[in-house]
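Please assemble the complex out of the two chains, which come individually in their own frames, going by the hints.
Each protein sequence line maps, in turn, to chains A and B.
Residue numbers 0 to 335, in numbering that gives the first Met the number 0, belong to the letters of the first sequence in order.
Residue numbers 0 to 440, in numbering that gives the first Met the number 0, belong to the letters of the second sequence in order.
Derived by calculation from the structure, the hints in this document are not laboratory data.
Quick caveat: nothing in here was measured; it's all calculated off a predicted structure.
Glycine included, each C-beta is placed from N, C-alpha and C at the ideal position.
Among the hints, a few may not be true.
What the hints assert, rightly or not - DMTMM-like, lysine to aspartate or glutamate: derived pairs with alpha carbons at most 25 Å apart:
#1 LYS285/A to ASP217/B
#2 LYS106/A to ASP300/B
#3 LYS224/B to ASP135/A
#4 LYS325/A to ASP311/B
#5 LYS285/A to ASP144/B
#6 LYS224/B to ASP308/A
#7 LYS108/A to GLU439/B
#8 LYS440/B to ASP2/B
#9 LYS286/A to ASP144/B
#10 LYS108/A to GLU306/B
#11 LYS108/A to ASP300/B
Stated by the list, open to error - Some, not all, of what chain B presents toward chain A, calculated at C-beta under 7 Å:
#12 ILE200
#13 ILE208
#14 MET416
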Amino acid sequence: MELLNALVAFTNFVGVPAIAYGSQLAIGALGVTLVYSVLRFSNFAHGDTMAFGTMVTILFTWWFQSMGISFGPLPTALLALPLGIAVTMLLVLITDRTVYSFYREQKAKPVVFVMVSLGVMFMMNGLVRFIIGPGDQRFSDGERFIIKARAFKKMTGLDEGLAIKTSQGITVVTAIVVVALLFWFLNKTRTGKSMRAYSDNEDLALLSGINPERVVMYTWLIVATLATIAGVLYGLDKSFKPFTYFQLLLPIFASAIVGGLGSPIGAIAGGFIIAFSEVMITYAWKKVATYVLPESMAPDGLVQLLSTDYKFAVSFAILIIVLLFKPTGIFKGKSV
Amino acid sequence: MSDTVKHSLLFAFVGLLILLEGSTTFGGIFSGSWNSALVILNMGLISAIMALGVNLQWGFAGLFNVGIMGFTALGGLAVVLVSTNPTPGAFAAGGMGILMALVMGALTVVGAVAIYKFMKPGLARTLVLLAVLIVGFFVYRAIFDPSVEAVEAINPALEGNLGGLGLPVLLAWPAGGLLAAGAAWLIGKTALGLRSDYLAIATLGIAEIIISILKNEDWLSRGVKNVVGLPRPVPYEVDLQNDPSFVERAASFGLDPVEGSTIFVKLGYSILFTVVLLALLWMAQMALRSPWGRMMRAIRDNEVAAEAMGKDVTRRHLQIFVLGSAICGLAGAMMTTLDSQLTPGTYNPLRFTFLIWVMVIVGGSGNNFGAVLGGMLIWFFWIKVEPMGIELIKLLTTFMADDNWLKGHLIENASHMRLFTMGLILLLVLRFSPRGLIPEK
Chain A
0 MELLNALVAF TNFVGVPAIA YGSQLAIGAL GVTLVYSVLR FSNFAHGDTM
50 AFGTMVTILF TWWFQSMGIS FGPLPTALLA LPLGIAVTML LVLITDRTVY
100 SFYREQKAKP VVFVMVSLGV MFMMNGLVRF IIGPGDQRFS DGERFIIKAR
150 AFKKMTGLDE GLAIKTSQGI TVVTAIVVVA LLFWFLNKTR TGKSMRAYSD
200 NEDLALLSGI NPERVVMYTW LIVATLATIA GVLYGLDKSF KPFTYFQLLL
250 PIFASAIVGG LGSPIGAIAG GFIIAFSEVM ITYAWKKVAT YVLPESMAPD
300 GLVQLLSTDY KFAVSFAILI IVLLFKPTGI FKGKSV
Chain B
0 MSDTVKHSLL FAFVGLLILL EGSTTFGGIF SGSWNSALVI LNMGLISAIM
50 ALGVNLQWGF AGLFNVGIMG FTALGGLAVV LVSTNPTPGA FAAGGMGILM
100 ALVMGALTVV GAVAIYKFMK PGLARTLVLL AVLIVGFFVY RAIFDPSVEA
150 VEAINPALEG NLGGLGLPVL LAWPAGGLLA AGAAWLIGKT ALGLRSDYLA
200 IATLGIAEII ISILKNEDWL SRGVKNVVGL PRPVPYEVDL QNDPSFVERA
250 ASFGLDPVEG STIFVKLGYS ILFTVVLLAL LWMAQMALRS PWGRMMRAIR
300 DNEVAAEAMG KDVTRRHLQI FVLGSAICGL AGAMMTTLDS QLTPGTYNPL
350 RFTFLIWVMV IVGGSGNNFG AVLGGMLIWF FWIKVEPMGI ELIKLLTTFM
400 ADDNWLKGHL IENASHMRLF TMGLILLLVL RFSPRGLIPE K
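Only chain B is shown next, with the shape it has when bound in the complex (with noise of 0.2 Å):
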């Protein structure tokens, strides 16, 4: 069997998972509802979104980022950036305050830098750091509370903060990007000289950094508050039941409206999801083919010899690594539109981070069509482990009174042997199969 007819057969598998999810109730696993399998693939697209661009810095470049869910994070506070309406005097409360405290900030942190770099060495610059860093948090912290107090104070219950700038929606995807390409470039410029358990370590500690901020910046995000009702790039279920002629296309199908309109907004999204996914295919595709591919590769593969024959490495691993993190922060947009909500406190590195490793290892990693068949294939075990869990533990424990204090415990239970599922996965993949299910050319 040739290469291509297997990874055809890989993707049809996934395919057929998906289509027998809407189908069957078969075993009491897949649920037989077209919108549950809808949901899987939408946040199953978003998902090989995100592996590519983590393939893109582990399979291209070697680079072990661990710090994935800080750049969705910063993708989703794009959306509330961009796509809300700004709040009715909020920037003249206190906003042009906190944009100075920021510059303010920004100030303090260039000139210790200058200081560091261009003082003599002693304790004449320790003295004159600490002092410039001192000076500058207070008169930082002087401008920024009262601003923050002032915008935190405009109608909390609902808003409470800045709020965007009132853009179409869809324009907050690339801003997710671009918003995760900086941050991931300050990153860069800072930790990509760490050799690599040191990096993951420093890039797993930013993206907790960055949850932080997002959980406690009342006026950027509303912190825990959430941000809800965010705009969306597709029309309202309820608009579609109220207009006559899609209720009639719907009839025409078999459907009652309120079923055919969940159906055709979620198909809504599975397309704009698509079109991005396979544009950012295309594009990894080429760069993976291009004397730019195999430079990253070369260099990946020895680091050592790729500086000798004068490649730039340093240069190479920021480039990528603002490039991986602004896919990651496009994916990240693109899932908060799809929630319409911004909810920092649900942000957790399990979940945004190692589940997203877990795919592009199972996938192959190296190669771009594993990375989204293992994106879509993982996504779905993630969902669908929990029910088949609990009929596995229901099969073993028939033999057990119905009152039994251990069959209770572990039916109530089997929900979370999801994580041992995912780390059996990825360990058997790893002894097994390292290369992964569609490897590396």
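If we strip away everything but chain A, and leave its shape as in the complex, we get (with noise of 0.2 Å):
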């Protein structure tokens, strides 16, 4: 009964939230990867880019739910997203129009387009603080949770209670979806294929009559997807604030780069490496110790390897280690 006790504890404060917000990770990192191997370059937009599809959506939910249109025990903003997204792909094609192209003709080095990338993020961050203000903002309404601890008690008859939220719920089928559907496309559809060749090598695309323009253009719609469907799902499962979701492009650039930027199992892994290594390494295992170690040795500190504040040095750590031995990530990336 005691090991169960720990294994259930260790799924309510660790394993849970670890999925979620790998999920959410793997999501972002998908975005920052396919840009990387397309359009070869390290978009620092990408946390704004998030910000603002989840602001966007955040907007329509707050539209539907004055108009009294709610989606049942799920959150509204579900119904909201694909308005988001489609809002999101608009901005992100007119900022490609307005700025990236002129630097694809010139064929500028990768290191220009991070700078432009550097002031793309600065304005949509700016135009998010401009629309909804830099406070935090709640959208989630629905059902709280799929399992409540009290229930679990009671039909497990355990101590220990476990608790999964809704958002988390949603997170996990919604990235198992998106996923699917991302593998399916790169993999079996023209359009993927060709953004794969493009990819792989672009002279040898251009040449079999691959569209350069349009592989940008699918790239650019896909990432807006991802980004917005990432953001609303960490949104949902924590809260928005502008300046968190800027601060998110760095475990999301850890996740890419320590799965191997440009690789897509790369990024999905990565993610899950850097959230269980952040959760884990900040949480304090009292409570698993002690169901599992006899009374006499039962600790007596928190048991925390590192206090939570030091989450972003976690997966940093996490990153230089890798790219010590690996230094283009474990499922080999390419470098521009």
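Below, the structure is given as structure tokens:
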């Protein structure tokens, strides 16, 4: 029984939150990786694209709520999500037309693109703060929990409760669907194949008649979709605040790089590696340890390896360690 | 118009903006206060120094460092470590233990590196490595935690940290540079082998790590409780106001003692900062024109060719990474001295990393005068875009009723246009004048 309790405590405080957070990071990192492999630069504006998509979704959610539209037990934000994606697609395409296409024609160096994306990052960040303000926005509604801790205890007769939030359940289901769709698209459809061909060898792809502008456009459309979904899932799970989204850039980059920039599987693996290590290293293990160890050896302190404020530090420490041993990530990403 | 005239005019324009700030209240944009003009000037000078440091790395050597915030913060930490008084009893309570723990931690890392290097790859190496790391970590925590607790228990409302050496604050400036240089050396040793994007993201992450250490290690920097009341290299306003000869002199300029003393203090800072800036600018110019500078630019423009010519690219990169970071550390120490407080919670990459990048690009990367101009000009706009934006929105919304929700919302949020404008400026410069206002020769 004690071991079972320990397992439940672990699932409740580490497993479930880390899987949800890892899915959010993975979808974010997929967007970064796609831009890197097709457009060949690290997009610093990705966090703020996520913030923009989430903001639009929030505004539509509020509008729906004011009209009394709801999605039953599910959050209304899911209904608003397609609209959020559509507006973000528009913004991203406008950005590409007005900003990035110029440098593509010039065949500018990747580092120039990175600089340009810094400018885009500033502008999007300012835009989001201008429209919705810098404060915290909550927009989740519907049922809060799938399983409540007390109901779980009653059901199983264990001392430890297990709670799963609706947002966590939605995150995981959405992530599986999104990843499956993306891999189907990349591997089975004509456009997806031409995207991969373009990313593998630009010259060869051009020779075989692939239209680069189409590839670029589809990439941005997918990136806008992924960014908005990741942003909305994160916002439903935690809360929405422009600065937090800007900071999400750090673990997302870490995920994409740990997995290997340009590798979609790497991005997913990276997301979970970063999420699990962040949660596990900053979790106070006292509860789990008390269940597992005999009473005489029960720990006095919290048994926390690092304080929770170190979570960004953890993702980067992992990033740096991985880069030292595998300079292009675990799944052998590409380098420009 | 010759280049020299054009560049002098650009600098004169910045000077004019600052004079306008001090003398007029035109259009609600300028504040008409000399105090405010000097505040902008002082931070502009510090920004110019940071931009010089970044220009050294990017403009000279093409190193993409987005960890400026970390080095700036280390400079700030140096002010606390050098100039504050040691906390009575803190060193005896836990200082020794903390030092021992840090040495232990360093030995663990060195040991792990040695094992990785000298043992044959295989399961045995992995196991030994893991054992050393895990045992090392627990021994480190066993020595570290009680010592930290002992130090942080000492008068936590005011102290709770080890304190500093109690030396004159001006010594903290070079110390800030040294501290940043040391960190840069460590980072460079590990990260400079990476390619440009990877290097950028690694430096971004390291800066974030440095900030979280400053925020959390209370024994070192009091964390988010901040260290306030740091000593300063210029007199205090109160002392000046109580000094009859100063009051008399202020009166002869037509100033009352309070205004006179605040202006006097700020001018004092301006002079100190200008001296540092000019010295660094002179050194940077000498470096740019020397064979060393030419070698740097050759490496930047074509790494492969430079390597083929027998230049040790990695070594040179490390050298300039350390130098540029040291300058950022120096500027960080100066900034903390100007604020007389260290507030680790306020360091954020938008302001302390990316804004500096805007300065370097707008001013003209590869040109030291460009970096200085960019630093001062962009700082002015960073401060003034807010009132400008509010005035603009007011103008645009004059046709709306005063109780219109949209008007209220727009005016309330106009200040956030600051980031938007900075992005716009950066994009416009990158598009239409990619070499900046004062291009590299």
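Could you check the structure against the hints above and give me the numbers of any it violates, in ascending order?
Violated hints: none; all satisfied.
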